[in-house]
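Participant: Residue numbers (our numbering): 1 to 236.
Hints listed in this document are in silico derivations from the structure and should not be mistaken for laboratory results. A portion of the hints provided could be inaccurate.
Taking lysine to aspartate or glutamate and the EDC-like style, the derived pairs with C-alpha atoms no more than 20 angstroms apart in a straight line are [claimed, not checked]:
#, residue 1, residue 2
1, Lys30, Asp69
2, Lys48, Glu34
3, Lys41, Glu213
4, Lys124, Glu191
5, Lys74, Asp60
6, Lys74, Asp54
Cβ pair distances, simulated, as ranges [what the hints assert, rightly or not]:
#, residue 1, residue 2, range
7, Val158, Ser83, 30 to 36 angstroms
8, Lys64, Asn155, 52 to 58 angstroms
9, Val158, Glu221, 21 to 27 angstroms
10, Ala228, Val178, 52 to 58 angstroms
11, Glu96, Ser180, 33 to 39 angstroms
No residue lacks a Cβ here, since even glycine has one placed at the ideal position from N, Cα and C.
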Amino acid sequence: MPKNLFYAIITARKNSKQIKNKNIQKIGKKNLVENTISIIKKVNFFDKIFCSSDSNRILDIAKKNKIIDIKRPKKLSLDSSKSITSIHHFVKYLKENNFELPKVVFLFQPTSPFVKKKTILSMKRLVIKKKVSSVISCYKIPNKFHYLNQRSLKNGKVKFLYEKMRNKKILKQSKPAVYSHGNLFSFKLKEFLKQNSLTPKPLYSVLLDTFEESIDIDTKEDLRIARALFKKFKFN
Numbered sequence: 001m002p003k004n005l006f007y008a009i010i011t012a013r014k015n016s017k018q019i020k021n022k023n024i025q026k027i028g029k030k031n032l033v034e035n036t037i038s039i040i041k042k043v044n045f046f047d048k049i050f051c052s053s054d055s056n057r058i059l060d061i062a063k064k065n066k067i068i069d070i071k072r073p074k075k076l077s078l079d080s081s082k083s084i085t086s087i088h089h090f091v092k093y094l095k096e097n098n099f100e101l102p103k104v105v106f107l108f109q110p111t112s113p114f115v116k117k118k119t120i121l122s123m124k125r126l127v128i129k130k131k132v133s134s135v136i137s138c139y140k141i142p143n144k145f146h147y148l149n150q151r152s153l154k155n156g157k158v159k160f161l162y163e164k165m166r167n168k169k170i171l172k173q174s175k176p177a178v179y180s181h182g183n184l185f186s187f188k189l190k191e192f193l194k195q196n197s198l199t200p201k202p203l204y205s206v207l208l209d210t211f212e213e214s215i216d217i218d219t220k221e222d223l224r225i226a227r228a229l230f231k232k233f234k235f236n
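Using the sequences provided together with the hints, build the complete structure.
Facilitator: In structure tokens:
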């Protein structure tokens with residue numbers, strides 16, 4: 001009986017509007033790509049690890065760390081490019097290079113540098129269940145950032161975006177809990193191809209228990225915060 005294969009794919013394009021060479025910025029002694037590779041290797045259950053990028057520099061880092069490198073076309077590495085196109089390119093690469101297709105794929109993004117081993121293991125235990133097609137990490141949004149507290153600003157005038165709903169649920173206790181995506185995906189490849197989605201249904205989640213694990217570095221301020229957290233808590 002064929003083994004259920006688990007593959008990890010790191011997607012890390014070269015350019016970013018906000019931060020130059022974002023995916024190879026350093027946090028501590030490692031850059032973000034190296035940090036992600038270390039996180040993946042620590043869980044020690046992936047059959048193969050891949051890195052997809054349009055950057056030769058990033059791919060050299062992957063090769064140095066004995067990760068299978070996939071050169072991604074520039075047209076799939078634009079600001080407007082979606083993550084799903086990178087995964088379709090990844091699947092094409094697997095087929096063209098005679099790799100056995102995995103049962104499950106985990107998608108890692110270097111801009112989330114504080115992913116915990118226990119989160120990955122929890123997602124693995126959940127995604128292999130019969131009636132689960134995909135699992136994502138989620139973080140509970142603090143009340144002060146709740147969508148019912150969001151406002152619009154026009155000509156200096158402030159207006160609540162969801163004023164009627166807010167008036168009905170003004171108390172903290174009556175506001176429904178809302179969650180943001182923690183930037184880690186896992187999915188059964190068969191269902192990804194069938195539904196053409198990174199989150200094929202039935203979709204489940206693993207809840208993150210700390211703020212830092214939910215961080216997604218997109219701006220210079222995000223990077224500054226990540227470095228400060230790394231220094232304070234001495235991750236990895």
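Participant: Could you run down the list of hints and mark each one as holding or not?
Facilitator: Okay, the hints, checked on the actual structure:
| no. | hint | in the structure |
| --- | --- | --- |
| 1 | Lys30 / Asp69 | 19 angstroms, holds |
| 2 | Lys48 / Glu34 | 16 angstroms, holds |
| 3 | Lys41 / Glu213 | 18 angstroms, holds |
| 4 | Lys124 / Glu191 | 16 angstroms, holds |
| 5 | Lys74 / Asp60 | 17 angstroms, holds |
| 6 | Lys74 / Asp54 | 6 angstroms, holds |
| 7 | Val158 / Ser83: 30 to 36 angstroms | 35 angstroms, holds |
| 8 | Lys64 / Asn155: 52 to 58 angstroms | 54 angstroms, holds |
| 9 | Val158 / Glu221: 21 to 27 angstroms | 23 angstroms, holds |
| 10 | Ala228 / Val178: 52 to 58 angstroms | 26 angstroms, violated |
| 11 | Glu96 / Ser180: 33 to 39 angstroms | 36 angstroms, holds |
Taken one by one, the earlier hints fail for this structure only at number 10.
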